[in-house]
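Visitor: Each chain, letter by letter, is given below.
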Amino acid sequence: MNSTIVAPMTPSGVSAIAAIRVSGKAVRSILSEALLNTDPKPRHAYYGDFRHLQTKKILDSLLYIFFEAKHSYTGEDVLELYPHGNPLIVKGIIQSLTHLDSLRLANPGEFTQRAFLNGKLDLVQAESVADVIHSNTLEAIHNAQRLLKGTLSSTIQELAESIKNMSMRLELDVDFVEEEVDPDPHSWKPTLLQIQRHLDRLIQEFQSAESTNRLPLVVVYGKPNAGKSSLINALIQEDRLLVSDRPGTTRDFVEVRLLLEGGEIRLIDTAGIATEVADDLDALSMQKSLEILKEADLKVCLIDGAKTQDITDDIQAAKKEKAFPIVSKADLLEKNNDSILHSQSLSFVSTKQDTESYIHQLKSKWNKILFPAKENQEDFWVTSERQKTSLIAAQKGIEKTLDLIETNPAVELLAFEMQLVRQELLAITGQISSEDILQSIFSRFCVGK
Amino acid sequence: MNSLLTDYEVVVIGGGHAGIEAAHSAWKLGVKTALLTMRIEDIGRMSCNPAVGGVAKGQITREIDALGGLMGLLADQAGIQFRMLNQSKGPAVWGPRAQCDRLRYSRLAQEVLSSLQGLTCIEGELVSFSRLQDQGFELTLSSGERLKTKTLVITSGTFLASRMFVGLESSIGGRFGAPSAELLSHTIRSTGIRWRRLKTGSPARLDPDSVDYHECEVQKGDTIPWSFSDRTTHELNNSGVCWITRTNLKTHQILRSGFKDSPLFSGVIQGAGPRYCPSIEEKIHRFGDKDGHLLFLEPETEDVSRIYINGFNSSLSAEIQLAAIRSIPGLTRAKILQMGYAIEYDTIDATQLHPTFEVKEYPGLYFAGQVCGTSGYEEAAAQGLMAGINAALKVKKSPPFILSRSESYIGVLVDDLVNVLLNEPYRMFTSRAEYRLFLRADNAEMRLKDKAYKIGMISEQDYLSWQSRKKNFQKIKAYIETESGSPEQVNPILIKSGQALVSERVRWIQVLRRPGIDPEAFFREVFPELQISRRDIWFLYAEEIYAGFLERQLKEIEHQKKMDGFRLSKNIDYTRVIGMSAEAQEKLNQEKPLTMGQVQRISGVRQADITVLVHWLETHSF
Chain A
1 MNSTIVAPMT PSGVSAIAAI RVSGKAVRSI LSEALLNTDP KPRHAYYGDF
51 RHLQTKKILD SLLYIFFEAK HSYTGEDVLE LYPHGNPLIV KGIIQSLTHL
101 DSLRLANPGE FTQRAFLNGK LDLVQAESVA DVIHSNTLEA IHNAQRLLKG
151 TLSSTIQELA ESIKNMSMRL ELDVDFVEEE VDPDPHSWKP TLLQIQRHLD
201 RLIQEFQSAE STNRLPLVVV YGKPNAGKSS LINALIQEDR LLVSDRPGTT
251 RDFVEVRLLL EGGEIRLIDT AGIATEVADD LDALSMQKSL EILKEADLKV
301 CLIDGAKTQD ITDDIQAAKK EKAFPIVSKA DLLEKNNDSI LHSQSLSFVS
351 TKQDTESYIH QLKSKWNKIL FPAKENQEDF WVTSERQKTS LIAAQKGIEK
401 TLDLIETNPA VELLAFEMQL VRQELLAITG QISSEDILQS IFSRFCVGK
Chain B
1001 MNSLLTDYEV VVIGGGHAGI EAAHSAWKLG VKTALLTMRI EDIGRMSCNP
1051 AVGGVAKGQI TREIDALGGL MGLLADQAGI QFRMLNQSKG PAVWGPRAQC
1101 DRLRYSRLAQ EVLSSLQGLT CIEGELVSFS RLQDQGFELT LSSGERLKTK
1151 TLVITSGTFL ASRMFVGLES SIGGRFGAPS AELLSHTIRS TGIRWRRLKT
1201 GSPARLDPDS VDYHECEVQK GDTIPWSFSD RTTHELNNSG VCWITRTNLK
1251 THQILRSGFK DSPLFSGVIQ GAGPRYCPSI EEKIHRFGDK DGHLLFLEPE
1301 TEDVSRIYIN GFNSSLSAEI QLAAIRSIPG LTRAKILQMG YAIEYDTIDA
1351 TQLHPTFEVK EYPGLYFAGQ VCGTSGYEEA AAQGLMAGIN AALKVKKSPP
1401 FILSRSESYI GVLVDDLVNV LLNEPYRMFT SRAEYRLFLR ADNAEMRLKD
1451 KAYKIGMISE QDYLSWQSRK KNFQKIKAYI ETESGSPEQV NPILIKSGQA
1501 LVSERVRWIQ VLRRPGIDPE AFFREVFPEL QISRRDIWFL YAEEIYAGFL
1551 ERQLKEIEHQ KKMDGFRLSK NIDYTRVIGM SAEAQEKLNQ EKPLTMGQVQ
1601 RISGVRQADI TVLVHWLETH SF
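From first to last, the protein sequence lines stand for chains A and B. Just so we're aligned: 390 in this note's numbering is position 390 of the first sequence, and the numbers increase by one with no gaps anywhere. Positions in the second sequence are counted from 1; adding 1000 to them yields this note's numbering.
Please keep in mind that the hints were generated in silico from the structure rather than gathered at the bench. It should be emphasised that the depicted structure is a prediction, and the values quoted were computed from it without experimental measurement. We put the CB at the ideal spot given by N, CA and C, even for glycine. Careful: at least some of the hints might be erroneous.
Some but not every residue of chain B turned toward chain A, in silico, with C-beta under 7 Å [as the list claims (entries may be wrong)]:
#	residue
1	V1055
2	L1085
3	K1089
4	V1093
5	T1430
6	S1431
7	G1548
8	F1549
With these hints in hand, go ahead and build the complete structure from the sequences.
Guide: The structure is reproduced here in structure tokens:
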């Protein structure tokens, strides 16, 4: 850990402000040479000119903050720079710095790794930093932040403590023959069942956390020229897709990200699913459409409201597919279809009339489907595979303990099971660890944290 | 001065349970050994309770025996009542224990030591020692006599600067009626070795004729007694009886009235006492709501010359002790022959020791036994044995002999002692052992004897008989694992133990595994012709019932072994390990651990520090 590391903290691209982090021993010399500040007050924002280390040309006027090792994220001297969000400026600053021998680009997760190695974070906290970065929904961010504050650690410790309180009696019985302890494991069943329920819930939450960390996928399908692209354009309110009146314009998938209230979603526009296939290329793209539909968390079926036939069959077909039906071109709707639409309180859309309020309703409907409110969101805690493995092992251990109690076992066997449960729980908080765990944690970080 | 007499390779200071084992094992390994003690007639004294073994302690005694030590043999010969504790639980936590004739124990120990050709027992008091230039030490006795030795093993027990307390009266002494080693304490303190005061206590001894035994519950030995040693061939004396009585609210009231004169509560005694073996006043003070505490009246000798009140150690004033005792059923007219007392003494901080018991900063100097902060004869003897072995191995320039936590209670004991700073006297409990189901009394020989033989602790004759025992055992094990019994043979056994019957042939081992089977009856009835000892029956049985549980710990044991096998150079300067916490750097520089396994258990060293260290070692070759 002798070298100083640098990485941009913001994604590449144009923005108002970008951020760059530097950590290590060279920070002070960078401050004095590039920013001409030889005695920065720690944790104070300065405004100054950043000079290229060799050419001494001013690259940008920017805001920067120096953190001394004692109070920095990594536990080393840290410099954070906030240049203007022009990729050329960011690149220029980083290149100018990497001319220093002792300075290099940070590996993925390296800032956090250093924070961990310098004792600034415990294992659970380090893992949840990765989760903050990887989390795509508000819920997951919430979740990860709770972990950062050590809530999971304390919950797990409480469970471990509860186990300890019981196994303590077994230990007492074994080691102090004259104490007349007579532990009654049968009376512990309610407590053990309670712990088991607690573990069950944590594991379930883990599973839903896993699904939230994967963005929900919405796939839009419908007959060619039903207006899928128009719908998506209206949703993202920008003309990213090519919209034309000619059927079959969208051959391959177009994927966009959409921010709903509960979090980000992936929205995919498929090629139209035609009843008759015009050519091989069409056949292939239709095949792909069917495949992506299988993965969808929400299928959206667009029904052409302008077509003259009765759309009841189309609506039934969509419902059979468990798809969310939308009738398009509502302004061109035939009379009979209009009443069907209203009687079934379906969504309808017209890109010609009142788009904004319609899109708003649609988003909120999707939000409800894709981000259902959880009964007890506060308990939404467990996020990493390692923690899940230990939780499952602990849960199995509790099961074994409960089974064992039924057989009136020798105390040392019961004590053994309960000890293993405790060890699994304590492993979650990082008290028992090994190198491969660390490796897998750190490999999950994206560039520079 | 006779030069032959003055030049040794190992000198052991003290003739207690640690000293006996240390001198014996060093002698056994063939180095020139002397044992120096204040009084030869005090060698092997049971200063406190007249018993050896118990839960965890009994396992240690069997391990000492398997390693070629003396304690098991001595207790088997001096025993007057043998009980296997915890028999209602599984064999993993059975603890063999023997009530002993304390005078006989001491006499036997002296006889054994004096019979060892080449071992010198010297009566005298060590007052100072200094390091010699060409390694080794020069010792000065209070008589002015000087000895030279390559290594020095100090097993001074409670005798360093010891103070005894009865109420507010205190006296200087290392045991009732014995002097304290004041000058040696001074010498040790002046070396810069860190020390601390600890406290322990002993109960009153009663005149046996003043006890009304019919008021007490009788406790006898097991119907068939278990010996400690598999080398013991004589029939065990199991005639001794103990009695059980109980304190009551009146007793507690009397004791409370004496709290004001208690050296413990008034702060006269500074040293920390053991929480697991509190004085009766501490029990009342802390658990005042209990209406009574069990007391065990134990004979100190076969002819019941004195009665030891187990559970009643106290340092309250003489009249309070007497009044309180006389409020207890069976003891209303009791006469006290020796008052209960507390004793405060110097111990050294054992984290200054290598797991060989050698002082890190003082090569050639060893400490072992109660002076290292433990309590109990068995814990002391185990340390003495290991220190004696390692001092001798050092003289012979052989690699050290260190046992791991996963193979022995002794390994757990040593590892805890040298890595964790004690805040009270250390006693062994089975719950200290991570691999309790494996560290059993029944498999001590299997775990340790071959290892002990390799370094020379087991005589050829003993080894041969161990080999034939092992062979016989394996033959029988293979037999019941491969042979099967018919339903006609098997079902009568199953009926007796309330098990579901079988309709087809079943392998014998599967019958043995069934819950509720009495393994002794099984072998007696099914294989009356097999020559298998009771010891081996239980060993075989325990192996069977714990096998599934042990399998689940194997990975952990392997990991532990790997960590223990990861050797660290003593020359690492941990302040150079960048990224390690300052606390860990300081601790590791102080401790100079020999293995990564040891690093894991040093308090203040976190997992993150270990990760940093492993990473650092990968990039720096040592």
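Visitor: Each hint should be assessed against the structure and marked as holding or not.
Guide: Verification of the hints:
| no. | hint | verdict |
| --- | --- | --- |
| 1 | V1055 | holds (6 Å) |
| 2 | L1085 | holds (5 Å) |
| 3 | K1089 | holds (5 Å) |
| 4 | V1093 | holds (5 Å) |
| 5 | T1430 | holds (6 Å) |
| 6 | S1431 | holds (4 Å) |
| 7 | G1548 | violated (10 Å) |
| 8 | F1549 | holds (6 Å) |
Hint 7 from the earlier list is the only one contradicted by this structure; the remaining hints agree with it.
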